[in-house]
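Chain A is fixed; fit chain B onto it per the hints.
Here is what each chain is made of, one letter per residue.
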Amino acid sequence: LKEKWLAQNTVYKYSIPVDIASAFSSPTHGRPGAPVRPVALLPGSLPLPGAQAAWKAAHAVQLHPGLWLGHQLGRLADHTVPTGFAALDAELPGGGWPCRGLTEFLLPQLGLGEIRLLAPGLVATQQAGRLVMLFDPPAELSAPALAQLGLDVPELLLIQTRAPGLASSASANHQNSLWALEQALKSGHVGAVLAWLPPLLRTEHLRRLQLAAQAHDGPAFVLRPWCGQEAGIHTHPTPAPLRLGLRPVGARAMADPGAAPFPSAPGAEQLSLHLLKRRGPPRLQPLVLKLPSVLAPTHARAPGPAMDGEALPALRPATFVNLA
Amino acid sequence: MLWIAIHLPLLSLESWAATLPFALQAPLALMNAQRVLSVNAAAQALGVRPGLKRATALALAPDLLLGRIDEARDAQALLRVAHAALAFTPMVSIGPHPAHTVLLEVQSSLRCFGGEAALLQRLRAAVTRPPLHRLHIASAPTPQGAALLAHWASRGCADGPVPDAPADIETLDWHGASPGRWRQRLDAAPLALLAAAAGHEAALQGMGLHTLGALRRLPRAGLARRFGEALLDEIDRILGVCPDPRLPLALPEVFSAQLELWTRADTTDQILPAAAVLLEQLVAWARARQGRVGRFALSLRHEGRRTRGDLAREAPCATELAISLTQPSSDMAHLHALLREHLSRLQLPAPTLELRLHCADWVASAPPNESLFPTPRSESEGLVHLIERLQARLGPGQVRRLVAAADHRPECASRSLPAQAALGRAEAAIGRGALHGAPTAPRPVWLLNPPQALREHRHRPWLDGQPLQLLCGPERIETGWWDGLPAERDYFIARQGSGALVWVYRLRHARIPEGVAGEAAPGWFLQGRFG
Numbered sequence: 045l046k047e048k049w050l051a052q053n054t055v056y057k058y059s060i061p062v063d064i065a066s067a068f069s070s071p072t073h074g075r076p077g078a079p080v081r082p083v084a085l086l087p088g089s090l091p092l093p094g095a096q097a098a099w100k101a102a103h104a105v106q107l108h109p110g111l112w113l114g115h116q117l118g119r120l121a122d123h124t125v126p127t128g129f130a131a132l133d134a135e136l137p138g139g140g141w142p143c144r145g146l147t148e149f150l151l152p153q154l155g156l157g158e159i160r161l162l163a164p165g166l167v168a169t170q171q172a173g174r175l176v177m178l179f180d181p182p183a184e185l186s187a188p189a190l191a192q193l194g195l196d197v198p199e200l201l202l203i204q205t206r207a208p209g210l211a212s213s214a215s216a217n218h219q220n221s222l223w224a225l226e227q228a229l230k231s232g233h234v235g236a237v238l239a240w241l242p243p244l245l246r247t248e249h250l251r252r253l254q255l256a257a258q259a260h261d262g263p264a265f266v267l268r269p270w271c272g273q274e275a276g277i278h279t280h281p282t283p284a285p286l287r288l289g290l291r292p293v294g295a296r297a298m299a300d301p302g303a304a305p306f307p308s309a310p311g312a313e314q315l316s317l318h319l320l321k322r323r324g325p326p327r328l329q330p331l332v333l334k335l336p337s338v339l340a341p342t343h344a345r346a347p348g349p350a351m352d353g354e355a356l357p358a359l360r361p362a363t364f365v366n367l368a
Numbered sequence: 005m006l007w008i009a010i011h012l013p014l015l016s017l018e019s020w021a022a023t024l025p026f027a028l029q030a031p032l033a034l035m036n037a038q039r040v041l042s043v044n045a046a047a048q049a050l051g052v053r054p055g056l057k058r059a060t061a062l063a064l065a066p067d068l069l070l071g072r073i074d075e076a077r078d079a080q081a082l083l084r085v086a087h088a089a090l091a092f093t094p095m096v097s098i099g100p101h102p103a104h105t106v107l108l109e110v111q112s113s114l115r116c117f118g119g120e121a122a123l124l125q126r127l128r129a130a131v132t133r134p135p136l137h138r139l140h141i142a143s144a145p146t147p148q149g150a151a152l153l154a155h156w157a158s159r160g161c162a163d164g165p166v167p168d169a170p171a172d173i174e175t176l177d178w179h180g181a182s183p184g185r186w187r188q189r190l191d192a193a194p195l196a197l198l199a200a201a202a203g204h205e206a207a208l209q210g211m212g213l214h215t216l217g218a219l220r221r222l223p224r225a226g227l228a229r230r231f232g233e234a235l236l237d238e239i240d241r242i243l244g245v246c247p248d249p250r251l252p253l254a255l256p257e258v259f260s261a262q263l264e265l266w267t268r269a270d271t272t273d274q275i276l277p278a279a280a281v282l283l284e285q286l287v288a289w290a291r292a293r294q295g296r297v298g299r300f301a302l303s304l305r306h307e308g309r310r311t312r313g314d315l316a317r318e319a320p321c322a323t324e325l326a327i328s329l330t331q332p333s334s335d336m337a338h339l340h341a342l343l344r345e346h347l348s349r350l351q352l353p354a355p356t357l358e359l360r361l362h363c364a365d366w367v368a369s370a371p372p373n374e375s376l377f378p379t380p381r382s383e384s385e386g387l388v389h390l391i392e393r394l395q396a397r398l399g400p401g402q403v404r405r406l407v408a409a410a411d412h413r414p415e416c417a418s419r420s421l422p423a424q425a426a427l428g429r430a431e432a433a434i435g436r437g438a439l440h441g442a443p444t445a446p447r448p449v450w451l452l453n454p455p456q457a458l459r460e461h462r463h464r465p466w467l468d469g470q471p472l473q474l475l476c477g478p479e480r481i482e483t484g485w486w487d488g489l490p491a492e493r494d495y496f497i498a499r500q501g502s503g504a505l506v507w508v509y510r511l512r513h514a515r516i517p518e519g520v521a522g523e524a525a526p527g528w529f530l531q532g533r534f535g
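Chains A and B, in that order, give the protein sequences. For the first sequence, position 282 (counting from the first letter as 1) is numbered 326 according to my numbering, and the numbering increases by one without interruption. For the second sequence, position 123 (counting from the first letter as 1) is numbered 127 according to my numbering, and the numbering increases by one without interruption.
Please note that a few of the clues may not be correct.
Said to hold, decoys possible - Just so you have them, the derived chain A footprint on chain B, three or more residues with Cβ under 8 angstroms:
id : region
1  : 385-394
2  : 449-462
3  : 496-504
Source of the hints: derived by calculation from the structure; they are not laboratory data. By construction, the Cβ of each residue, glycine as well, lies at the ideal position given by its N, Cα and C atoms.
So here's chain A without its partners, still in its complex pose (with noise of 0.2 angstroms):
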């Protein structure tokens, strides 16, 4: 049963044969067709052919950090920034977001908690004394919110690429967001990078950024919308090396609206992600995070004669005297 569980998952991203592996290995730990002494190596295993395996396996990915196993998380050989989650920094590979790469959102509304997600990596960059640059906000953003979660305002810069009276076509719009976000990237100044991408992206153009992104000592993400015409994106290839697919959890049926209003609200404040693209093994269910409380027990509603179930009803503006 071992030897057989052990050939179904022992698989390799990297096409570098098993026999190159053991050839590499030092001579004393066995070449291809010398008596293996597993002992030393595995301790427990049997000296059984798929025990070997299972060894040369263990030594294909101490090769090149680029390398790993089918099961496993991969390994990045650059750093990354901790999520602030540690249930998700669990399932990223390297444990955090990605420095040296795109980390791509997709999103199928504005203001899922995405911004929440990714305070705490934004806020360890600003520490680190770097800059954080948003490009193409698609709303107002809010200063006392950004401040709420940690962020040092001032230090934000924001970028407007798509400007109506800059430019008339839609594509000058797209080479100035994509201009614009490959000189950040490129320049090597920049801390980290969060950039709403303009809709209908071609893949070359990712690529590209990809490849500047290389550059960039420090995260970039990118958000994509994920819904109307970009609702099947998620099934189109993508150069990032990371992409999230983030959802709400969904609401209950609110069957009876004449329920009462301030009902209990399980997974209000969590998001699920759906980990599309990771180096690593595919998760099929998506993780569940709870997410930084909005809903602040002292804002909560509290029970009390005042705020009762029939309280709403009673803030009617007819039951005031309007004296203006």
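Frame of chain A, contents of chain B only:
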């Protein structure tokens, strides 16, 4: 005294070719009064030689590009070389004869630069920045002697095959500081190189005189009687017998240079190479002044337009393109990138004929120390350059910073301002101070401006056809009665059908703010989304 002479035999051709808006593969020839003056390698390969008539040259190479000689352009290009040479010694002068020669006195600088060989190597690297010039360098104890040797090296080069590799040119150059050797060398120099011998070639030839040495051995009185004092005087200055004082080059306080384009430029892309030539001269000037450019202006003189029905041309107009730098810089690559981005945004009202670059705003400061490893200082400088590049292409208002304001109304609590590349500390402190007094209640990251009116059905706000589920609230904000934008609202955190959290408010008094489109007296508004 050790003088170095730099002679640029093809200066006219090269300074013209650098302004052309296309690659240099095309055959080029520079004309002077219907005769070919100099040609590039591509034209030479087609058989075009200096001295040919215009028609002959065009018959040999039909796609030959012909340029006109321009004294002003040559003088500016020579001045750039002289400015670059000022990095090595304050005593730089431009000799009247031979033409296109820069003279440097480097005796006092030798120790600083580690000897003559090292200095020559660095000088060659400093002068042969683009636009590339072919140059011949010679050194001798007298300025006129060095100039003569350099000129002679160019002459030998021009007669023979054109050397392409720098190594070939190197062997033709000649350097000698020991008195015996350079006098021997000069004795073999042909008389045609002397300025005072012009006009006497036939007489000298008839007397069997070909070299400087042969002339030097003749009695001086007879030579003076036959050829004038000027020849004797020149020989004495060459050999160092009589003094040869030179005026050092004086740097102008304000840089100004102009360049006539070879052809009318209809697009800014065609202007860029010529503008880069001017910029290169500006950078050489700034470096020689040990200063950095804070602001410069490129003015484009346009062709006057001929209006329909009116034969008279309008007065030629000019476009002024002023480029200010956040941090003064003398980095050619950075200035060039800025100029390119500014030019790419420019719309030319008419074809351009002439460029003029002007710089009066510069700061004198030592160049920054180069560092081996990245430092915080170099990083901040790189950032400033990046922001300037982005502003140059996207517009100055497109790079913004968020500034918090102490206001309870969410739409007034944060503003975005155009970012100065280096944020003022006071401004940042005010922004941070405003955040200290900010409400501790949760605020959404995304704000909708203006707020979106929501439909109300059975006392509940509806968004996208689904009822919102109120989770938290109300938080009452009632302020702003003093500035005409009063807010009297009760805010709730609600949950959309999809599960995302939104921030909605209900007007306490059904007064609809201006600019809000929606049904009459809706009462409920969506103002934020929790990102």
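How the hints compare with the structure:
{"no.": "1", "hint": "385-394", "result": "holds (count 7)"}
{"no.": "2", "hint": "449-462", "result": "holds (count 7)"}
{"no.": "3", "hint": "496-504", "result": "holds (count 7)"}
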